[in-house]
Amino acid sequence: MEKLKSIADLEKVRIETKAQLDMRATDGSPEAVVQVRVAMATCGIASGARPIMDFFIEELDKRGIGAVVTQTGCMGYCYAEPTVEVQLPGQDPVVYGFVDRKRADEIIEKYIRNGELVEGIIPVNYEKID
Amino acid sequence: MHLLVCGGTSCRASESALIAESLKRELEEKGLGNEVQVIMTGCFGLCEKGPVVKVMPDNAFYVQVKPEDAAVIVAEHVIKGKPVQRLLYVNPSTGEHVRDPRQMGSYRKQIRIALRNCGSINPENVNEYIAREGYAAIGKCVAEYTAADVIDVIKKSGLRGRGGAGFPTGLKWEIASKNRADQKYVVCNADEGDPGAFMDRSVLEGDPHSVLEAMAICGYAIGATKGLIYIRAEYPLAIQRLKIAIGQARDYGLLGNNILGSDFSFDIDLRYGAGAFVCGEETALIHSMEGLRGEPTNKPPFPAESGFMGKPSNVNNVETFASVPVIINKGWEWFSSIGTEKSKGTKVFALAGKINNVGLIEVPMGITLREIIFEIGGGIKNGKKFKAVQTGGPSGGCLTEHHLDTPIDFDNLVAAGSMMGSGGMIVMDQDDCMVSIAKFFLEFTVEESCGKCAPCRIGNKRIYELLTHITKGNGTPADLDRLRNMCLVIKDTSLCGLGQTSPNPVLSTMDNFMDEYMAHVTEKRCPAGSCRDLMKYTIIEEKCVGCTACARGCPVNAISGERKEPHFIDQEKCIKCDACFERCKFGAVLIN
Numbered sequence: 001m002e003k004l005k006s007i008a009d010l011e012k013v014r015i016e017t018k019a020q021l022d023m024r025a026t027d028g029s030p031e032a033v034v035q036v037r038v039a040m041a042t043c044g045i046a047s048g049a050r051p052i053m054d055f056f057i058e059e060l061d062k063r064g065i066g067a068v069v070t071q072t073g074c075m076g077y078c079y080a081e082p083t084v085e086v087q088l089p090g091q092d093p094v095v096y097g098f099v100d101r102k103r104a105d106e107i108i109e110k111y112i113r114n115g116e117l118v119e120g121i122i123p124v125n126y127e128k129i130d
Numbered sequence: 001m002h003l004l005v006c007g008g009t010s011c012r013a014s015e016s017a018l019i020a021e022s023l024k025r026e027l028e029e030k031g032l033g034n035e036v037q038v039i040m041t042g043c044f045g046l047c048e049k050g051p052v053v054k055v056m057p058d059n060a061f062y063v064q065v066k067p068e069d070a071a072v073i074v075a076e077h078v079i080k081g082k083p084v085q086r087l088l089y090v091n092p093s094t095g096e097h098v099r100d101p102r103q104m105g106s107y108r109k110q111i112r113i114a115l116r117n118c119g120s121i122n123p124e125n126v127n128e129y130i131a132r133e134g135y136a137a138i139g140k141c142v143a144e145y146t147a148a149d150v151i152d153v154i155k156k157s158g159l160r161g162r163g164g165a166g167f168p169t170g171l172k173w174e175i176a177s178k179n180r181a182d183q184k185y186v187v188c189n190a191d192e193g194d195p196g197a198f199m200d201r202s203v204l205e206g207d208p209h210s211v212l213e214a215m216a217i218c219g220y221a222i223g224a225t226k227g228l229i230y231i232r233a234e235y236p237l238a239i240q241r242l243k244i245a246i247g248q249a250r251d252y253g254l255l256g257n258n259i260l261g262s263d264f265s266f267d268i269d270l271r272y273g274a275g276a277f278v279c280g281e282e283t284a285l286i287h288s289m290e291g292l293r294g295e296p297t298n299k300p301p302f303p304a305e306s307g308f309m310g311k312p313s314n315v316n317n318v319e320t321f322a323s324v325p326v327i328i329n330k331g332w333e334w335f336s337s338i339g340t341e342k343s344k345g346t347k348v349f350a351l352a353g354k355i356n357n358v359g360l361i362e363v364p365m366g367i368t369l370r371e372i373i374f375e376i377g378g379g380i381k382n383g384k385k386f387k388a389v390q391t392g393g394p395s396g397g398c399l400t401e402h403h404l405d406t407p408i409d410f411d412n413l414v415a416a417g418s419m420m421g422s423g424g425m426i427v428m429d430q431d432d433c434m435v436s437i438a439k440f441f442l443e444f445t446v447e448e449s450c451g452k453c454a455p456c457r458i459g460n461k462r463i464y465e466l467l468t469h470i471t472k473g474n475g476t477p478a479d480l481d482r483l484r485n486m487c488l489v490i491k492d493t494s495l496c497g498l499g500q501t502s503p504n505p506v507l508s509t510m511d512n513f514m515d516e517y518m519a520h521v522t523e524k525r526c527p528a529g530s531c532r533d534l535m536k537y538t539i540i541e542e543k544c545v546g547c548t549a550c551a552r553g554c555p556v557n558a559i560s561g562e563r564k565e566p567h568f569i570d571q572e573k574c575i576k577c578d579a580c581f582e583r584c585k586f587g588a589v590l591i592n
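Residue numbers (our numbering), protein chains in the order written: chain A, 1 to 130; chain B, 1 to 592.
In short, the hints are calculated from the structure, not lab data. Hints should not be assumed to be uniformly reliable.
To be verified - Taking lysine to aspartate or glutamate pairs in the EDC-like style, the calculated list, with each CA pair at most 20 Å apart, reads: (1) K12/A to D251/B; (2) K5/A to D251/B; (3) K3/A to E124/B.
Full structure from sequences and hints, please.
Below, the structure is given as structure tokens:
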């Protein structure tokens with residue numbers, strides 16, 4: 001990694017990363033992919049988030065679906081761990097709770113492939129500041 | 001098109017499953033079963049207005065829906081595309097129908113400031129933090145602000161310490177900045193120890209860079225070049241993510257010499273705690289970092305004058321730090337527009353206990369307990385009755401029904417006999433015995449007292465013994481007076497915050513639930529039915545058919561009786577194991 005020697009350098013990283021993330025989320029852009037974020041804080045991992053994350057990585061690859069699977073922190077829905085956020089290109093992210101292998105499979109086949117929502121949605125109930 | 005039906009516990013209780021079925025049936029009848037899906041979701045956090053149905057992608061939000069409304073929703077909205085006006089949410093202040101849930105009052109109930117990136121960025125990728133304005137605040141400070149400017153912004157924002165006591169952060173920084181020394185330290189207190197509190201862990205695991213950036217800002221403000229994070233060794237994942245974050249920040253030069261081309265240098269190291277509760281107290285924390293016993297010392301001198309290695313040190317909690325970069329980026333005016341007069345911004349709470357939506361929430365100061373418990377929290381588990389909520393951990397107290405509508409902030413909680421603490425919120429229902437709850441917290445304090453001063457070491461132990469005595473049915477009304485006196489003495493004479501606040505759980509339960517204490521000492525009865533020693537198992541003669549199931553299941557042979565004759569429990573032998581109650585098919589075993 002090259003050192004950031006000025007605020008301009010920092011701004012460059014910000015713009016580049018943001019553009020990359022936005023491109024992924026924009027329907028129709030060449031880089032558009034399904035984004036899967038798995039809540040991997042202690043609470044999530046303790047409830048089995050790690051094998052679920054592996055499942056998404058392996059199965060999406062096997063089934064030939066272009067996707068980026070990343071880990072993230074606690075989403076706050078401890079009662080519904082493991083929780084997974086799925087963002088289809090051009091759409092608002094949807095959070096699913098109580099994700100076991102069966103539900104993960106359903107999410108891939110129904111939601112990711114066909115855009116059909118499946119059970120287990122946790123509605124966003126907070127305001128973002130940006 | 002999708003119809004989302006809330007399947008939260010509270011909406012389910014008000015027939016949301018039936019609504020979903022009716023919607024499905026209506027859609028089938030109209031031949032739309034394949035095009036429109038009905039999905040049960042988790043809690044929308046609007047339980048008071050439940051059951052709720054949301055139509056996607058129109059974003060129409062229907063509240064207090066009944067199963068018989070399914071027909072009109074399908075006929076009008078789904079088929080004709082006309083929202084059903086009478087079911088739309090009405091904004092209580094304007095009286096207007098609100099379609100977009102983001103304009104609904106309830107959605108302002110949670111604002112994520114400290115948790116802004118938790119659950120949305122990859123904590124092990126510094127670029128994602130930078131993409132969300134990360135490190136822009138330290139950039140702004142070194143380029144545009146003097147140290148005094150930074151302190152001024154934090155002071156004006158009204159930010160108060162999130163670790164518990166609520167000391168104004170800007171003032172703390174100012175005091176540290178004024179003390180001259182060749183070396184100063186910024187210390188992050190990540191020794192989260194309250195039972196049921198895990199917000200600091202979540203911030204460190206989900207957004208470690210926000211804390212690193214804030215520590216650098218603090219260093220710039222007070223004139224320190226070194227930062228230390230005191231974190232408990234029981235948080236391995238938080239430690240791992242912090243190490244990765246520190247490494248990435250150093251690689252980018254966001255920690256180290258000449259940050260972003262300025263002449264400000266700052267670096268951070270980790271120090272591990274062994275998990276002693278008292279080390280959350282700042283003087284004990286500092287001694288522990290110095291390799292000494294984790295024991296508190298008298299203040300003054302405050303750490304701002306003589307802290308780590310005798311140098312001026314500024315100690316702040318994780319959540320306090322996590323709020324700082326946003327304040328710099330968005331301005332103090334924005335931050336201070338949220339919250340109450342004396343408590344600005346938001347507070348993260350860890351909801352636990354007998355509540356449906358156990359989890360982490362961040363709410364503006366001034367929200368009521370009712371909103372937290374019955375809307376965001378989804379109400380009490382299994383439809384039981386709310387009894388109390390414990391805030392502030394072992395230093396806090398219980399709030400009851402009477403406090404449900406009190407706006408929550410630092411000062412109101414203290415006035416109500418509890419405290420903000422680090423933000424653990426343990427919800428209790430009708431089955432929780434308040435004497436046992438007080439005993440639970442005292443047991444914790446007895447374990448965690450460092451033993452340095454007598455009131456805390458000996459006094460808390462005596463309180464714990466008295467409480468045990470009472471829950472076993474051996475207490476007298478005179479014990480209650482002794483209990484209260486001892487509590488007051490411990491509060492007055494203990495050395496540090498741990499002892500000064502440890503009797504709070506007892507005092508606050510005595511103030512709010514004296515009738516329960518009295519029932520234990522006068523009638524030898526536990527009204528909540530939770531103190532096992534006070535329970536009495538008897539067999540109702542009229543109901544007993546003499547099947548002998550109870551007698552055969554009793555592990556101590558306390559039950560006697562002839563076949564087909566009523567049975568009898570020998571109270572001397574009974575160990576109250578509940579086996580007879582579970583086995584009786586005739587409801588003949590009575591628990592008092």
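Could you work out which of the previously given hints the structure breaks and list their numbers from low to high? none
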